[in-house]
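K.L.:
Chains as they are written, first to last, in my numbering: chain F, 8 to 328; chain R, 232 to 576; chain L, 55 to 293.
Everything labelled a hint here was simulated from the structure, so no lab data went into it. One should not assume that every hint holds.
Unchecked claim - Per the computed footprint, the stretches of chain R lying under chain F, defined by three or more beta-carbons under 8 Å from a beta-carbon of chain F, are:
1) 361 to 372
2) 381 to 393
3) 483 to 495
Unchecked claim - Here are the simulated DMTMM-like pairs of lysine to aspartate or glutamate, each with C-alpha atoms no more than 25 Å apart in a straight line:
4) K192/L / D455/R
5) K192/L / D557/R
6) K271/R / D537/R
7) K177/L / D139/F
8) K192/L / E224/F
9) K192/L / D315/F
10) K192/L / D139/F
11) K192/L / D132/L
12) K271/R / D80/F
13) K192/L / D384/R
14) K558/R / D139/F
Where a beta carbon is used, it is the ideal one built from N, C-alpha and C, also for glycine.
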Amino acid sequence: MAIVGYIVRRILTGIVVVWLVASIAFFLFFSRPVTTVARELAGRAATPQVINEVITNLGLNQPIMTQYWHFLDNLVHGNLGYSYFTQESVDTMLKQDLPPTVSLVIGGVILWLIVGLAVGIISATRARSFFDRFSNVAVLIGLSMPVFVIGELLISVVFYPLYSHGFTWINTGYSGITSGVGSFFGHMLLPWITLAAVQAAVYTRLSRGQLLDTLGEDYIRTARAKGLPERRVVFRHAVRAALTPVVSQLGVDIGQLLGGVVVVEVVFGLGGIGQVSVQAVEQDNLPVIIGFVIIAALFVVVSNIVVDLVYATLDPRVRIT
Amino acid sequence: MSVTEVQFQASGAEAGQASGAPVEGRSQWQLTWRRLRSDKVSMIALIVVVLMIVLAIIAPVFAAITHHPVDAAYPIQGENAAGNPVGPFTNGFWLGTDSTGRDLLVRILYGARISLFVGVVSTFIAAFLGVTIGLMAGYFGGIIDTLLARFTDAVLAFPYVVLALALAEAFGPSLTIIMILITFFSWAGIARIVRGQTLSIREKEYIEAARSLGAGPFRIMFLDILPNLLAPVLVVATLYIPQAIVFEATLSFLGLGIQPPTPSWGNMLADAQNFYQVAWWYLAFPAIFLLITTLAFNLLGDGIRDAMDPRTERLVAARRMRRRRDKRRTALLDGQTALQNEQEA
Amino acid sequence: MASRTVAPPVTAEGREALRLSTPVALWWAWVAFVVVNVADYAVQGLPSARFGAVVSAILLLGTGLAYVLALRPRVIMDSSGLTVVNPFRVHHVPWRLIEHVGTGEWVRVHYGHAGAEETGGKKLDCWALYVSSRTKRKIARGAPRPRRGLFTSQRTAQWLEGGSADPGYGRLPEEARHLASLPVAQALAVRLDSRAARERARQAGAGPGEAQAAASWSWPAIAAAAVPALILVIVAVIA
């Protein structure tokens with residue numbers, strides 16, 4: 008029963024959250040004057056006739072609650088609207104733009120976790136050494152830098168010199184993994200580093216602090232007194248305990264992750280969901296933005312569930328069964 | 232008298248006795264300032280921050296000196312034959328020009344105005360909100376506290392970029408929107424810290440005394456608890472300002488914030504992206520200014536925090552003593568082994 | 055001068071229903087949503103009968119689910135034992151069978167057979183008392199050590215913890231103060247656990263007794279969820 012109940016609870020909460028976000032987005036955008044909404048749905052270049060067409064076709068003159076239920080109806084059927092501006096339905100657009108975003112997220116998260124934890128652990132175990140001091144300075148600089156500055160620096164300092172000397176492996180833009188693993192990595196390497204840099208700094212500081220605290224605890228001293236080898240003490244006991252707050256912090260950081268993803272996509276021209284949505288703001292293209300908001304909510308919900316599961320495997324106190 | 236003052240006075244007394252001078256209690260702020268002054272890194276950071284603020288204020292002076300108003304484009308002197316920006320120290324442009332031939336230095340300084348204004352004012356408003364709500368949550372507890380805790384968590388975990396996009400689309404990008412966004416995301420962290428401090432202060436005896444004397448909750452909150460919050464809030468605010476500056480720069484970079492032609496470090500860097508191959512200065516100089524500003528604020532905030540916590544001093548002293556003791560011990564051991572060697576020989 | 059210690063009550067403790075506040079708040083939020091919808095249609099009219107029928111069916115289903123999943127579940131403790139009202143089933147466990155009440159994803163009751171040598175090993179989750187991710191993180195963090203705050207040294211922090219001879223906020227008895235520092239779900243688990251221990255001690259000498267855990271399906275709850283679902287299906291298909 009426990010597993011069933013767990014799944015039900017998670018899915019239920021997820022549905023409620025996504026529904027809530029979609030509703031807020033709907034009321035935020037559609038409660039405005041009809042002509043404004045119609046203009047945004049029709050696209051910037053629309054003539055008054057097109058606008059009137061849009062009003063009739065999409066029923067923008069109906070009472071708002073009626074519109075709301077139609078909106079929910081469409082949503083449930085997977086229809087996120089039609090972007091007149093680019094002349095295609097929003098879900099086709101989003102499906103095209105999903106791969107770069109997903110690749111970026113997965114690679115970036117893995118990179119930042121590995122680097123953040125590794126540097127944090129090494130710093131903590133060699134506190135006050137040269138490595139520790141150096142990494143502290145690097146962390147401070149990393150924390151002070153906006154993501155887009157790092158990205159631009161990497162482009163101008165790494166990509167451009169290499170590229171202009173004929174080394175074309177590292178490149179901007181996106182190349183799917185199906186068109187060649189090598190070129191995929193070449194295109195994604197700098198974006199991953201950019202996305203991971205700031206977060207790695209945060210996690211380095213976090214894991215270092217947690218590990219230093221844990222290493223001072225009584226049970227660590229007991230393990231040492233028992234004569235256990237230092238490496239075993241550190242890895243088996245201390246890291247395990249220090250890991251849980253880091254993982255729980257990860258759940259909270261999903262919001263920052265999304266922000267970083269959008270910025271990195273814009274800087275490197277990856278053409279993912281984030282970049283498309285930012286362009287949509289410039290183009291006054293409402294359906295894409297609503298689609299992005301809902302996808303973002305889905306992403307947050309799903310990643311929270313994943314973090315929860317990881318957390319449960321790490322910490323026996325919060326197991327499901 | 233707050234407990235923290237008592238504690239600081241005690242450590243002041245210790246310091247006085249150690250040096251043989253007459254025991255003189257010093258106030259919390261004086262001690263903090265003294266410690267801060269001795270921290271070289273923080274002093275440099277403070278100087279940089281002040282310098283930035285001054286430069287931002289006197290930006291029009293630079294415009295006057297160079298005779299280049301902030302939005303005046305110079306297609307002839309400001310651009311080379313290919314229509315690209317000119318570099319530093321050419322044609323009277325100290326740092327070069329941007330993509331439309333405007334004076335880069337002047338634009339950077341005007342951009343500093345915006346960044347610092349947004350950073351400082353948003354954080355100030357956020358601090359005001361955060362203190363009010365945190366104070367009430369910590370003092371009254373109960374449902375206000377629970378609601379605040381939940382709301383704080385939600386705000387801290389919220390994807391800011393989604394909200395920024397939605398608001399920019401719904402209402403059009405503007406300075407007001409940015410400030411609302413930054414304030415919205417900053418107040419929660421401040422409120423949390425204030426709540427924590429309020430909870431610990433609330434349990435003190437002099438609060439009990441005040442209450443038994445008939446002081447109402449608001450009087451207690453403002454006269455007794457609030458003064459003790461100023462120090463933590465100051466540190467937190469100094470650390471939130473660079474976050475606010477970075478936030479504004481990021482939003483402007485994405486086109487969701489300050490729109491050109493108004494200069495903001497963010498939108499300048501966005502434009503600079505297209506010209507980095509031919510105009511490295513357009514990318515480098517705004518980035519350097521941005522970096523230096525945020526780094527300085529971060530270092531200053533860390534420095535103030537360390538200066539306010541006497542534990543750091545004790546930590547440093549303890550480390551010194553430990554090193555001395557270890558040196559003595561090894562010397563002793565060396566002496567013993569030397570003795571043993573002599574005896575065995 | 056009244057002494058602060060109170061003699062343990064000789065009479066049995068009363069009946070109490072336990073639930074968390076968030077589900078109830080969510081229930082009322084849903085009710086508000088339904089009211090807004092009904093009011094809007096009353097004022098502005100319905101676009102079509104089908105629309106009205108579908109929306110009414112959906113709202114009805116939502117209300118049924120909200121009732122079954124949020125409003126109805128609770129945990130009742132009284133003199134005979136623990137009654138756990140879960141969405142579709144109601145469980146009753148007498149006190150003497152309860153070994154321990156802990157937390158996992160929910161507040162979990164561990165119970166077994168009376169007089170068994172080894173533990174019975176049965177587990178019952180209380181849907182009403184769930185443990186949110188936030189609570190889980192708090193539990194995992196454990197009891198907060200006397201942390202140095204931003205501006206207090208270790209020594210001062212310990213001084214603050216130790217409190218004075220007559221602590222202000224600690225005017226509450228020690229147990230209540232400890233409970234107040236725990237997250238709600240955990241605090242409730244502790245309360246249930248201690249009540250179970252007390253009741254077991256009280257009934258220790260009273261002989262074997264009825265000692266059987268019982269579970270039953272709750273037909274009203276099942277109906278509240280199934281009937282609107284059926285109506286929705288019918289409306290969606292027919293209309």
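K.L.:
When the structure is checked against the list of hints, which entries are broken? Sort them ascending.
P.N.:
1, 4, 5, 7, 10, 11, 12
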